[in-house]
Structures are given as C-alpha cells and as structure tokens.
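Q: This is what each chain is made of:
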Amino acid sequence: MMKIKEIESQIVEEFDNFDDWMDKYTYLIEMGKSLPLIENEFKIDNNLISGCQSKVWLHASYENGKVIFTADSDAIITKGIINLLIRIFSNQAPDDIINADLNFISEIGLQEHLSPTRSNGLLSMIKQMKLYALVFKTKMQNQ
Amino acid sequence: MMKIKEIESQIVEEFDNFDDWMDKYTYLIEMGKSLPLIENEFKIDNNLISGCQSKVWLHASYENGKVIFTADSDAIITKGIINLLIRIFSNQAPDDIINADLNFISEIGLQEHLSPTRSNGLLSMIKQMKLYALVFKTKMQNQ
Amino acid sequence: MNFDVNKIRKDFPILSQKIYGNPLVYLDNAASTQKPAIVIDTISKYYSGQNSNVHRGVHYLSMMATEAFENARKNIADFINAENSNELIFTSGTTESINLVAHSFGRKFISEGDNIIISTMEHHSNIVPWQILCEEKNAKLSVIPINEEGEIDFEAFGKRLNEKTGLVAITHVSNALGTVNPIKKIIDLAHSFDVPVLIDGAQGISHFKVDVSELDCDFYCFSAHKMFGPMGIGALYGKEKYLEKMLPYKAGGEMIEKVTFEKTTFNKLPFKFEAGTPNVAGVLGFNAAINYLKELSIEKTSAYESELFKYATIALQEIEGLRIIGTAKEKISIISFLIGDIHPFDAGTIIDKTGIAVRTGHHCAEPLMDRFQIPGTIRASFVFYNTKEEVDSLVKSIIMVKNMFE
Amino acid sequence: MNFDVNKIRKDFPILSQKIYGNPLVYLDNAASTQKPAIVIDTISKYYSGQNSNVHRGVHYLSMMATEAFENARKNIADFINAENSNELIFTSGTTESINLVAHSFGRKFISEGDNIIISTMEHHSNIVPWQILCEEKNAKLSVIPINEEGEIDFEAFGKRLNEKTGLVAITHVSNALGTVNPIKKIIDLAHSFDVPVLIDGAQGISHFKVDVSELDCDFYCFSAHKMFGPMGIGALYGKEKYLEKMLPYKAGGEMIEKVTFEKTTFNKLPFKFEAGTPNVAGVLGFNAAINYLKELSIEKTSAYESELFKYATIALQEIEGLRIIGTAKEKISIISFLIGDIHPFDAGTIIDKTGIAVRTGHHCAEPLMDRFQIPGTIRASFVFYNTKEEVDSLVKSIIMVKNMFE
Ligand SMILES: Cc1ncc(COP(=O)(O)O)c(C=O)c1O
Ligand SMILES: Cc1ncc(COP(=O)(O)O)c(C=O)c1O
Numbered sequence: 001m002m003k004i005k006e007i008e009s010q011i012v013e014e015f016d017n018f019d020d021w022m023d024k025y026t027y028l029i030e031m032g033k034s035l036p037l038i039e040n041e042f043k044i045d046n047n048l049i050s051g052c053q054s055k056v057w058l059h060a061s062y063e064n065g066k067v068i069f070t071a072d073s074d075a076i077i078t079k080g081i082i083n084l085l086i087r088i089f090s091n092q093a094p095d096d097i098i099n100a101d102l103n104f105i106s107e108i109g110l111q112e113h114l115s116p117t118r119s120n121g122l123l124s125m126i127k128q129m130k131l132y133a134l135v136f137k138t139k140m141q142n143q
Numbered sequence: 001m002m003k004i005k006e007i008e009s010q011i012v013e014e015f016d017n018f019d020d021w022m023d024k025y026t027y028l029i030e031m032g033k034s035l036p037l038i039e040n041e042f043k044i045d046n047n048l049i050s051g052c053q054s055k056v057w058l059h060a061s062y063e064n065g066k067v068i069f070t071a072d073s074d075a076i077i078t079k080g081i082i083n084l085l086i087r088i089f090s091n092q093a094p095d096d097i098i099n100a101d102l103n104f105i106s107e108i109g110l111q112e113h114l115s116p117t118r119s120n121g122l123l124s125m126i127k128q129m130k131l132y133a134l135v136f137k138t139k140m141q142n143q
Numbered sequence: 001m002n003f004d005v006n007k008i009r010k011d012f013p014i015l016s017q018k019i020y021g022n023p024l025v026y027l028d029n030a031a032s033t034q035k036p037a038i039v040i041d042t043i044s045k046y047y048s049g050q051n052s053n054v055h056r057g058v059h060y061l062s063m064m065a066t067e068a069f070e071n072a073r074k075n076i077a078d079f080i081n082a083e084n085s086n087e088l089i090f091t092s093g094t095t096e097s098i099n100l101v102a103h104s105f106g107r108k109f110i111s112e113g114d115n116i117i118i119s120t121m122e123h124h125s126n127i128v129p130w131q132i133l134c135e136e137k138n139a140k141l142s143v144i145p146i147n148e149e150g151e152i153d154f155e156a157f158g159k160r161l162n163e164k165t166g167l168v169a170i171t172h173v174s175n176a177l178g179t180v181n182p183i184k185k186i187i188d189l190a191h192s193f194d195v196p197v198l199i200d201g202a203q204g205i206s207h208f209k210v211d212v213s214e215l216d217c218d219f220y221c222f223s224a225h226k227m228f229g230p231m232g233i234g235a236l237y238g239k240e241k242y243l244e245k246m247l248p249y250k251a252g253g254e255m256i257e258k259v260t261f262e263k264t265t266f267n268k269l270p271f272k273f274e275a276g277t278p279n280v281a282g283v284l285g286f287n288a289a290i291n292y293l294k295e296l297s298i299e300k301t302s303a304y305e306s307e308l309f310k311y312a313t314i315a316l317q318e319i320e321g322l323r324i325i326g327t328a329k330e331k332i333s334i335i336s337f338l339i340g341d342i343h344p345f346d347a348g349t350i351i352d353k354t355g356i357a358v359r360t361g362h363h364c365a366e367p368l369m370d371r372f373q374i375p376g377t378i379r380a381s382f383v384f385y386n387t388k389e390e391v392d393s394l395v396k397s398i399i400m401v402k403n404m405f406e
Numbered sequence: 001m002n003f004d005v006n007k008i009r010k011d012f013p014i015l016s017q018k019i020y021g022n023p024l025v026y027l028d029n030a031a032s033t034q035k036p037a038i039v040i041d042t043i044s045k046y047y048s049g050q051n052s053n054v055h056r057g058v059h060y061l062s063m064m065a066t067e068a069f070e071n072a073r074k075n076i077a078d079f080i081n082a083e084n085s086n087e088l089i090f091t092s093g094t095t096e097s098i099n100l101v102a103h104s105f106g107r108k109f110i111s112e113g114d115n116i117i118i119s120t121m122e123h124h125s126n127i128v129p130w131q132i133l134c135e136e137k138n139a140k141l142s143v144i145p146i147n148e149e150g151e152i153d154f155e156a157f158g159k160r161l162n163e164k165t166g167l168v169a170i171t172h173v174s175n176a177l178g179t180v181n182p183i184k185k186i187i188d189l190a191h192s193f194d195v196p197v198l199i200d201g202a203q204g205i206s207h208f209k210v211d212v213s214e215l216d217c218d219f220y221c222f223s224a225h226k227m228f229g230p231m232g233i234g235a236l237y238g239k240e241k242y243l244e245k246m247l248p249y250k251a252g253g254e255m256i257e258k259v260t261f262e263k264t265t266f267n268k269l270p271f272k273f274e275a276g277t278p279n280v281a282g283v284l285g286f287n288a289a290i291n292y293l294k295e296l297s298i299e300k301t302s303a304y305e306s307e308l309f310k311y312a313t314i315a316l317q318e319i320e321g322l323r324i325i326g327t328a329k330e331k332i333s334i335i336s337f338l339i340g341d342i343h344p345f346d347a348g349t350i351i352d353k354t355g356i357a358v359r360t361g362h363h364c365a366e367p368l369m370d371r372f373q374i375p376g377t378i379r380a381s382f383v384f385y386n387t388k389e390e391v392d393s394l395v396k397s398i399i400m401v402k403n404m405f406e
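Protein chains in written order, with the working numbering: chain A, 1 to 143; chain B, 1 to 143; chain C, 1 to 406; chain D, 1 to 406.
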C-alpha cells in the first residue's frame with residue numbers, strides 16, 4: 001500500500017494536467033461516478049455527516065491494523081471529493097490518518113471547499129475520518 | 001388683554017435686542033426667575049408633564065371665558081420658556097389658544113427646543129396647554 | 001420602457017465586481033439585495049459627522065441624530081402608509097419582528113386550546129416562533145395546505161378559521177416559490193372572525209407598493225437588507241390597538257418610563273418595544289434605501305421586474321429537463337428549479353464558477369421541500385437591477401451544467 | 001508618554017467637526033463612542049464589494065462573506081480570551097445579550113423562591129430583565145447596597161448569596177459613577193456557592209483588557225458601539241456548559257437544524273442563538289474596531305486614559321461648588337457631577353452651546369439616582385482620543401454656567 005504522502009502527490013499530479021476549473025470539475029465528476037459503492041446497509045441516518053448541503057454517508061471498519069472507509073453522497077461533486085479522500089485514507093494505519101496534513105487540497109485548487117463554513121463539509125468529512133481512526137486506535141490499545 | 005399675535009411680536013422684539021446665544025439664554029434665565037409662582041397645592045404629580053428631562057408642573061383654570069395657566073419647573077431655562085408660553089396663552093380665550101401657530105419660537109432662535117424628541121418637552125407643554133383649552137371649550141359648550 | 005437599467009446599475013458599486021474573472025451576475029436577491037451608493041454613503045456620513053446616541057441627549061449631535069432617527073421612522077411609516085408613526089417599531093429584521101409578536105402578542109392573547117394558522121410555504125422564521133408558542137401555551141399550529149402549483153388552498157384556510165383561532169401568520173410572497181398570496185382576501189376573511197393577521201413581508205415589500213391601511217393587516221414584518229438597505233435593521237408595523245396591549249419584549253434602557261426596584265413602568269409606543277441603544281446608522285441607511293426606491297418609483301421597478309420575470313421564466317422553461325418548482329398564477333421575481341436529476345448543490349457549484357450567484361438548498365423552508373419531496377432547489381431571484389443579458393448568462397450556465405453532468 | 005493623541009484623533013473623522021462654530025469636544029463616550037475611519041471604511045467596502053447573505057450559500061460572495069464573518073467571530077472571541085469561538089454569540093448589543101440570558105438561562109434555571117442578585121448601580125438593562133423574570137418565576141430580586149462613595153458593600157453581597165441564588169448579574173464599570181467593581185472577587189465568591197455570574201461589560205471592555213478565562217465569569221455582555229464599532233451589534237460571551245443547556249431565544253432561520261411541522265431541532269452553538277440573517281456588516285465593523293484597539297494596544301490607551309482621568313478629576317474638583325457623585329477608589333473614565341444647585345438640564349443646555357457634548361439626566365440608572373437623592377447628574381466620559389485641552393474647555397464652560405446661573 002502506498003503512503004498517504006505518495007497518494008497525495010499522485011493526485012496533485014493528476015490535477016496538474018488541467019489548467020482550468022472546468023476540466024478539474026469534469027475530472028471530479030468522473031471520480032464521483034467511479035466511487036466504489038457503499039453497502040446499502042450502511043447508508044443509514046446514523047452514518048450521515050452533518051453540516052453538508054448534500055447528504056454524505058460514511059462507514060468505517062477496521063481490518064488488520066488498517067481503517068477501511070466506504071462512503072456515498074447524493075451529490076456527484078461531493079462524491080468526487082469523497083473518492084479522493086478514500087483513496088488517501090482507506091487502507092491506512094490509524095496513526096497515519098490522524099497525523100495526515102492534507103496539503104493536496106489547496107494544491108489542486110479546491111481550497112474553497114476547505115472553509116469551515118463551506119456547505120459541502122469537506123472539513124467535516126476529514127474530521128469524521130480522523131475521528132474513526134482515533135476510535136480504532138483507542139480500541140486497539142485497550143485490547 | 002393683548003392678542004396672542006401681538007404678544008408674540010413683543011417677545012420677538014425683546015429677543016431682537018440680543019445677537020448671541022449667551023444673551024438670549026441670560027434673558028431666558030431672567031424670565032425663569034421672574035415666573036409667577038404656582039400655588040403649592042398644584043405642584044402635584046398629577047400636574048406633571050411627561051417627556052421632560054426637568055420636571056414641569058402645569059395648572060389651568062377657567063375664568064370669565066379665559067384660560068388661566070400657572071406653572072413651575074425645577075430647571076430654570078425650562079421656567080424661562082414656560083414664562084414665555086404663559087405670557088402668550090394665559091388669559092386668552094380657548095379658541096385663540098387652540099388655533100395659535102406660535103411662529104415666535106423659531107423666530108427668536110429657540111427652534112432647537114421644538115424637536116419632538118427634545119427632552120425639555122416644549123412641544124409637550126404646548127400640547128398640554130392646547131388640550132386644556134379644548135377641555136374648557138367642550139365643557140362650556142356642554143353647559 | 002423608460003427604465004434605464006444600465007444607468008441604475010451604476011448606483012450599485014458591487015455590480016461591477018468580477019467573480020473568477022467573469023462579471024458578477026447577482027441572482028440571490030431573495031437572500032439579500034445589494035446596496036446603492038446612497039445607502040452606503042448615508043452610513044459613512046452618519047459615522048463621520050453625526051454619530052451619537054439618541055433620545056434624552058441635550059447636546060447638539062444627540063439632538064441631530066435623534067431628529068434624523070425619528071424623521072426616518074416617520075418616512076418609513078409613511079412609505080407603507082401606516083396611520084401613525086408610533087406603529088412602526090424598529091427591530092433587527094423580519095425574524096425579530098415575528099418573534100416580537102410571538103412573544104408579546106402571543107403570551108398575552110393566545111391561550112390553551114387556541115389555534116394559530118400558518119401555511120405550508122412559510123419561511124422557518126414564520127414557523128418556529130409559532131411552534132414554540134404553541135408548545136408553551138398548549139395551542140395548536142394549523143397549517144394551510146398548498147396545491148402542486150404552490151398556491152394556498154383558500155377553501156382549506158376558511159375551514160381552519162374558527163372562534164379558537166388566535167392569529168393568522170402568512171407570508172406575502174414565498175421566498176422559495178415566488179407565489180404571491182392573496183393576503184387581502186385572507187385578511188378580510190380572518191377579520192370576519194375577528195382574527196388578527198400577521199404578514200411576513202420580507203419578500204413582498206421591495207417588489208410592490210405595500211399599503212398597510214388599505215390591506216388592513218394587523219402586523220407587517222420586513223427587513224431592510226432585502227430592500228436595498230443595510231443589514232441588522234428591519235421593522236414591525238403593528239396596529240396601535242394591539243401594540244398598546246401587548247407585553248414588552250426586550251427590557252432595558254429606552255423602553256421604560258420609570259424604574260425603581262419595586263416597580264417599573266413602561267414607556268409609550270414605539271419606545272416600549274425598543275430597548276437598548278438603537279441602530280441609528282442602520283435606520284438612516286434603511287431610510288435612504290426607502291427614499292431611493294421612492295425616487296425610482298416602485299410602479300416602474302415593478303413593471304420592469306414583471307417583464308424580466310416573464311422573460312426569465314420563458315427562457316428557463318425552454319431548457320430541456322428543467323423543472324420549475326412553483327408555478328402559481330400570481331408569482332413574482334423568484335424562480336426555483338431543478339435540472340433533470342442533478343443535485344442542486346452540484347448545479348450551484350458549477351453555476352458559481354461562471355460568476356453567477358444563485359442559491360441552492362431548502363431556502364429555510366424545509367416543510368415546503370418535504371411537501372414537494374425534493375432535497376432543495378436552485379433559486380434565481382431577480383430585482384430591477386438585473387437584466388435580460390444576465391438571464392441569458394444563466395441559461396448558458398445551466399446548459400453547461402447539463403453538459404457536464406449528463 | 002509615547003502616546004500621540006493628536007495623531008490618533010486624525011483617525012476619527014467626526015472629531016474635526018465644529019458645533020455652533022466651536023470645535024467639537026466629545027465627552028459623551030459612555031453613551032456611544034466615535035468610530036475610526038477604518039471601521040467606517042470596512043463597512044463601506046463590505047457593501048461595495050462583498051455583500052451577501054452568509055452560511056449555506058455556495059456562491060463566491062456568500063462564501064467570502066461567511067468566511068469574513070466567522071473569522072471575525074474568532075478574532076473577537078480571542079480578544080476576550082474565550083476558550084472557544086462557539087461561546088461568542090452575536091447580538092444587537094448589551095441589552096439584547098442580557099435579555100437573551102434572562103430569557104434562555106432564566107426560564108431554564110431559575111425557579112420559584114430563587115433569588116437573583118444585582119447591585120444598586122446597575123443600568124436599567126441589567127435591572128428590568130431580571131425584574132420581569134423574577135415576577136414570572138416568583139423569584140426575588142436581591143439588591144446589593146452601595147456606600148456614599150458609590151462602591152458596592154461586599155459584605156452585604158456575601159450575606160445575600162445563598163443556595164437559593166440563581167445568578168449574580170453585575171456591571172463591570174458603572175456607567176453613571178465610573179466605579180470599577182471587584183468582579184473577580186465577586187465571581188470567586190459566587191462560584192464558591194456554585195452560583196454563575198453575568199458581567200455587564202458595556203462600560204468595561206473598551207477601557208481595559210478583559211480576559212473571560214481568567215475572570216472565569218459565566219457570561220460577559222458588551223456592545224460594539226461603545227468600543228469604537230458600529231451600532232446595532234454586540235456580543236454575549238457565555239460558557240459552553242450553560243449555553244448548551246439554555247433554551248433557544250429568537251427562533252427562525254439559521255438557528256434550526258431540521259424543521260418539520262411536527263418537530264424542530266435546534267442548531268449547534270453559536271447558531272442556536274442567532275436566528276435570522278445576521279448583521280454581517282456590523283460584525284465586520286465590530287471586528288475592525290477590535291483590531292484598531294489591538295493595534296493601539298489597550299495597555300497604552302488605558303495608561304493614557306488613567307492620566308487624563310486624574311487630570312480631569314483634579315481640574316473639576318477645583319471648581320467651587322462642584323460636587324462629584326461617585327468617588328470610589330477604583331474608578332475610571334467617567335465623572336458625574338453637579339454644579340451647586342443648578343439643574344443638570346440647565347447646565348447641559350449651556351455646556352452644549354460651547355460645543356461640548358456631555359450627558360445629563362439619570363443615565364438609565366434611576367434607582368442609583370434615588371439612592372443619592374438627586375434628579376440626575378452631568379456626566380463627562382472620556383476615552384483615549386480626548387485631551388487635557390478638552391478638559392480645560394469643559395472647566396471653562398462650567399465656570400461660564402456658574403456665572404450665568406448663580
Ligand atoms: C452599564 C451599561 N449596561 C448596559 C448598557 C446598554 O447597552 P446598549 O444600549 O448598547 O444595549 C449600557 C449603555 O448605555 C451601559 O452603560
Ligand atoms: C419569507 C421570509 N420570511 C422571513 C425571512 C427572514 O428574514 P431575516 O433573515 O431578514 O430576519 C426571510 C429571509 O430569509 C424570508 O424570505
């Protein structure tokens with residue numbers, strides 16, 4: 001498995017191919033369409049992330065020291081962003097997730113989605129993912 | 001007895017002697033000091049005019065078809081203004097009071113006291129005096 | 001049409017902004033309108049040359065500020081043709097105006113078992129205060145249904161009205177659909193049951209002449225920021241006969257007559273409802289906005305807006321797959337729509353990138369979205385400074401969205 | 001002293017005004033302070049280039065406005081050293097902040113038989129809301145007496161505190177006397193009984209560094225217009241542990257999470273208490289004022305103000321027949337006085353004519369006036385843009401008053 005930093009660089013490189021916002025968003029939309037499906041049983045209110053104008057379901061499990069994320073949204077751009085986050089965070093160790101900096105977001109020109117008051121809640125998603133990592137880490141330590 | 005218009009002209013003439021505000025106010029203060037006393041029995045809460053920063057008591061009686069006003073205040077400038085009003089309104093017929101225009105106020109440079117929100121309540125005083133005149137007129141008609 | 005929109009646009013400094021390199025197309029007017037220079041300048045001038053606390057001050061600045069403040073009240077009261085400027089209470093906006101009535105009228109006049117009538121298309125500000133009041137008083141919230149077009153069911157309204165109805169609270173214009181409600185008919189019918197009526201005028205007052213005396217409404221609520229004035233200021237018009245009897249709202253300076261620790265008596269109208277230092281600059285800016293509107297002539301802006309609205313409706317309808325939510329016969333200035341199956345948030349994100357400001361979401365009217373079983377809409381809302389060219393830009397932008405998502 | 005008052009005065013456009021031909025001497029700062037150009041410009045710039053409704057908007061202007069708005073919240077929360085910017089609620093001013101607590105805390109935490117402690121020197125805004133609450137709840141208003149100097153009787157305060165005390169609400173600085181209350185001691189003693197404390201900071205926050213974490217107060221209320229910011233905006237700081245449990249205040253947009261006609265859930269802090277479109281321009285102007293104060297350095301302005309205050313006190317005391325009301329050991333920036341038997345209104349009328357703005361009357365503290373058995377006072381209140389020359393002008397003006405009336 002690649003390290004978080006490496007995946008970030010990979011994503012930045014991919015986006016470097018585009019120089020206008022339209023191509024970037026078209027690519028994000030593609031990424032949204034190709035987001036691996038979440039199991040239907042996990043698309044429940046309990047897994048909803050609040051603070052988003054679109055609905056976002058996020059599910060996490062823990063396998064062999066790695067956190068596995070799956071997610072979905074009713075908005076496709078949001079799904080595209082989730083896809084990026086899952087590429088980066090899924091299948092990583094809790095500590096790596098907790099300590100990740102995620103500079104790629106502004107590097108690929110999505111910093112506008114980073115505002116704490118942004119309605120798509122990119123920050124809420126990241127926060128929720130880190131929270132899951134923390135929960136699994138704590139559980140592990142207590143075993 | 002002089003007519004209201006005549007007394008107004010008289011007052012305007014008196015004030016014409018002064019060209020700065022200090023002399024005007026000194027004269028107003030003199031007028032305040034020489035305000036004929038109100039009977040103590042009339043200096044009661046019931047005769048207070050509201051909306052003034054200083055207290056103003058106003059009493060009215062009706063004699064031989066004329067309204068007689070007496071008044072007092074705890075502030076001397078207010079007393080000076082009252083004195084002017086009493087010179088004009090006291091001993092006049094109700095109708096003359098009700099219909100009076102009182103241009104003299106701005107002519108002598110006291111227009112700043114005329115604002116509806118002015119705390120000395122010059123307007124409240126005039127309103128109250130006209131109200132008394134109306135009351136006596138109505139009483140008279142109903143007799 | 002002798003309405004020179006390009007000249008008028010010059011009055012609004014913000015309209016020459018560029019957004020992501022594109023000229024700003026501002027179609028979020030139902031959320032908040034832009035301000036003409038005269039409003040901005042009035043505020044600056046006030047703070048630069050007149051600023052002072054008002055009332056009870058004997059010094060020059062305070063007297064000038066007080067006079068300007070109270071003249072503004074008169075002018076605004078006059079604008080809506082209130083009988084008496086005492087009936088015009090300054091608030092921080094429509095939301096506070098409605099809350100004031102819910103608190104001060106509600107706690108006095110609503111009792112257990114009463115009902116309060118609202119409609120399905122109300123803004124949250126005209127729902128939640130009544131919910132809270134009903135809960136407190138054990139009263140019932142009675143909701144007038146609407147049809148598929150987004151029009152209230154007038155017959156159903158009639159059936160809900162009865163001797164236990166304490167108040168009807170209804171919006172003049174729906175902020176999410178653009179529907180213009182038949183408020184004159186509603187008021188007349190309610191009055192035949194002796195029921196007072198509150199009109200949420202947030203979306204009405206900037207678009208046509210409002211005459212509270214002719215309407216005979218008991219309360220009319222509005223916000224300056226939605227009618228080209230500053231934020232943080234608005235008004236409640238209320239009939240004296242109710243205001244006099246209502247409980248005070250906020251307590252503090254200005255609203256008292258005499259305070260002792262044993263007993264406090266309250267000031268006369270309108271001050272009884274205006275506790276604390278008022279927003280003088282806001283009121284003067286509000287007043288400047290009203291004067292600006294008067295000068296443009298609301299008949300002319302209305303006529304221009306109608307034409308623009310028709311043009312926009314036709315243009316949007318021609319886009320394949322575009323569905324307009326709210327197709328009432330009486331409708332103005334607001335078009336809510338969905339593009340095929342595209343999520344409003346996705347559409348909004350792309351439309352924004354083209355420099356066009358539209359709003360997406362539930363527009364603070366969740367029960368209405370539930371009624372139409374949609375997560376939200378894209379809403380374009382127009383005022384007199386918008387142009388047909390801007391409508392054309394919106395159409396182009398929507399077609400781009402379709403191409404990107406479909 | 002490296003404090004260049006003449007340079008600072010240039011920041012305030014209004015200070016170069018002439019009143020009746022005389023240079024304006026503005027000594028009514030306790031009523032409302034003047035605004036530096038940066039505050040005025042911030043508001044103009046906002047309306048000219050950024051104006052939009054905030055939150056939930058996906059378009060550029062709305063995102064920019066939201067970001068500026070929420071950054072201002074952080075900056076202001078930081079200015080008073082709040083732990084979390086969620087604890088900073090925007091209100092229309094001190095009066096609304098106190099009313100919010102009276103409503104939302106009071107209706108939740110005060111019960112029959114409880115007592116609420118205030119002091120004799122409170123502003124009406126910190127009296128009347130508690131009177132109304134006590135009446136509603138059948139609770140008791142308990143008033144700390146003050147001595148001839150205008151200092152609260154701390155021992156009497158201790159005796160009033162008991163397990164039935166629901167809240168202590170006290171002013172940081174008296175607006176009518178200038179007394180600085182020992183709020184840290186009051187808070188500590190109250191907390192030893194588990195009683196929360198609300199501080200009315202309207203007159204405190206502009207004069208010295210306020211650190212709510214160090215003070216450990218439970219609520220702190222203040223107005224922007226009294227600290228060089230715009231009118232119509234202010235703040236309530238509250239500890240999260242109370243804010244979380246308190247009832248909502250106004251209801252409407254922004255403060256909800258989800259609305260259906262059956263059930264409405266409320267938003268998280270701070271939005272739970274901020275219904276309706278917020279006063280964005282006001283908040284940004286407020287923030288600019290805070291930044292201006294930070295840049296001047298409140299240590300430096302405090303030091304300058306202390307010196308000026310000492311100078312003024314001595315100068316006024318030297319006038320024969322002048323009596324200062326309020327001679328507390330801890331005192332700042334406000335001097336209330338009477339000149340012989342001259343009515344404050346008479347004195348104020350003449351002082352005004354010399355271009356000097358002072359306030360006369362009861363200063364919204366009638367019970368305090370009753371305590372001293374006076375109809376009111378003349379109040380001169382100073383901030384860092386005032387000068388010794390202005391004090392000299394005041395002295396000259398007072399002597400003129402004496403000559404005219406005596
Ligand atoms: C001590 C004190 N508390 C409260 C207030 C009320 O502040 P505002 O009128 O800004 O709400 C004032 C201002 O007059 C004050 O001086
Ligand atoms: C119909 C309607 N009512 C009430 C409101 C609330 O107005 P404000 O946020 O200015 O208080 C709005 C504005 O969003 C509205 O559109």
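These aren't lab readings, by the way, just hints derived from the structure by calculation. Careful: at least some of the hints might be erroneous.
Only part of the chain C face toward chain A is listed, based on derived beta-carbon distances under 8 Å [what the hints assert, rightly or not]:
| hint | residue |
| --- | --- |
| 1 | Ala328 |
| 2 | Gly340 |
| 3 | His343 |
| 4 | Thr349 |
| 5 | Thr360 |
List of simulated lysine-lysine pairs, DSS-like, C-alpha gap at most 30 Å [claimed, not checked]:
| hint | chain 1 | residue 1 | chain 2 | residue 2 |
| --- | --- | --- | --- | --- |
| 6 | A | Lys130 | D | Lys239 |
| 7 | C | Lys159 | D | Lys258 |
| 8 | C | Lys164 | A | Lys24 |
| 9 | C | Lys164 | D | Lys258 |
| 10 | D | Lys268 | C | Lys137 |
| 11 | D | Lys108 | C | Lys245 |
| 12 | A | Lys130 | A | Lys55 |
| 13 | A | Lys55 | C | Lys402 |
| 14 | D | Lys209 | D | Lys45 |
| 15 | A | Lys130 | D | Lys268 |
| 16 | C | Lys140 | D | Lys263 |
| 17 | C | Lys300 | C | Lys159 |
| 18 | C | Lys263 | A | Lys24 |
| 19 | D | Lys74 | D | Lys388 |
| 20 | C | Lys402 | B | Lys43 |
| 21 | B | Lys24 | D | Lys18 |
| 22 | A | Lys24 | C | Lys402 |
| 23 | A | Lys127 | D | Lys263 |
Please read all numbers here as calculations on a predicted model, not as lab measurements. All residues carry an ideal CB built from backbone N, CA and C; glycine is no exception.
Q: Please go over all the hints and tell whether each is borne out by the structure.
A: For each hint, the structure was consulted:
1. Annotation: C/Ala328 was flagged as interfacial toward chain A, and the flag is violated, the nearest CB pair being 26 Å apart, outside 8 Å.
2. Contact between C/Gly340 and chain A, as hinted, is not supported at the beta carbon level, the nearest pair being about 12 Å apart and thus beyond 8 Å.
3. With a cut of 8 Å, the hint placing C/His343 at the interface with chain A holds, because the nearest CB-to-CB distance is about 4 Å.
4. Below 8 Å, beta-carbon pairs count as interface contacts, and C/Thr349 has one with chain A at about 5 Å; its hint therefore holds.
5. A least Cβ separation of about 7 Å between C/Thr360 and chain A falls short of the 8 Å threshold, and the interface hint therefore holds.
6. As the CA atoms of A/Lys130 and D/Lys239 are separated by approximately 27 Å, the hinted pair is consistent with the 30 Å bound.
7. The straight-line distance between the Cα atoms of C/Lys159 and D/Lys258 is roughly 29 Å, inside the 30 Å bound, and the hint therefore holds.
8. This hinted pair does not check out: C/Lys164 and A/Lys24 have alpha carbons roughly 60 Å apart, beyond 30 Å.
9. Taken as a hint, the C/Lys164 and D/Lys258 pair is honoured in the structure, with Cα atoms around 29 Å apart against an allowance of 30 Å.
10. Taking the CA atoms of D/Lys268 and C/Lys137, the gap is near 26 Å; set against the 30 Å cutoff, the hint holds.
11. Restraint check: the Cα-Cα separation between D/Lys108 and C/Lys245 comes to about 27 Å, which is no more than 30 Å; the hinted pair holds.
12. Proposed proximity of A/Lys130 and A/Lys55 is supported: the alpha carbons are some 19 Å apart, at most 30 Å.
13. A threshold of 30 Å between alpha carbons decides the hint, and for A/Lys55 with C/Lys402 the separation of about 21 Å falls inside it, so the pair holds.
14. Distance check on the hinted pair: D/Lys209 and D/Lys45 sit about 29 Å apart at the alpha-carbon level, within 30 Å; holds.
15. Between A/Lys130 and D/Lys268, the direct Cα distance comes to roughly 21 Å. Compliance with the 30 Å bound is thereby established for this hinted pair.
16. Distance restraint check for C/Lys140 and D/Lys263: the Cα-Cα separation of roughly 13 Å lies within the 30 Å cut-off, and the hinted pair is therefore satisfied.
17. With a C-alpha separation of about 38 Å, the suggested pair C/Lys300 and C/Lys159 falls outside the 30 Å cut-off, and the hint is violated.
18. For the hint pairing C/Lys263 with A/Lys24, the CA-to-CA distance comes to about 68 Å; that exceeds 30 Å, so the pair is violated.
19. Annotation: proposed proximity of D/Lys74 to D/Lys388 is violated, straight-line Cα distance about 37 Å (limit 30 Å).
20. The suggested pairing of C/Lys402 with B/Lys43 is violated, with an alpha-carbon distance near 82 Å, which exceeds 30 Å.
21. For the hint pairing B/Lys24 with D/Lys18, the CA-to-CA distance comes to about 21 Å; that is within 30 Å, so the pair holds.
22. Only pairs whose Cα atoms come within 30 Å are accepted, and A/Lys24 paired with C/Lys402 is accepted, the gap being roughly 16 Å.
23. For the suggested pair A/Lys127 and D/Lys263, the alpha carbons sit about 29 Å apart, so the restraint of at most 30 Å is met.
When held up to the earlier numbered hints, the structure conflicts with 1, 2, 8, 17, 18, 19 and 20 and fits the remainder.
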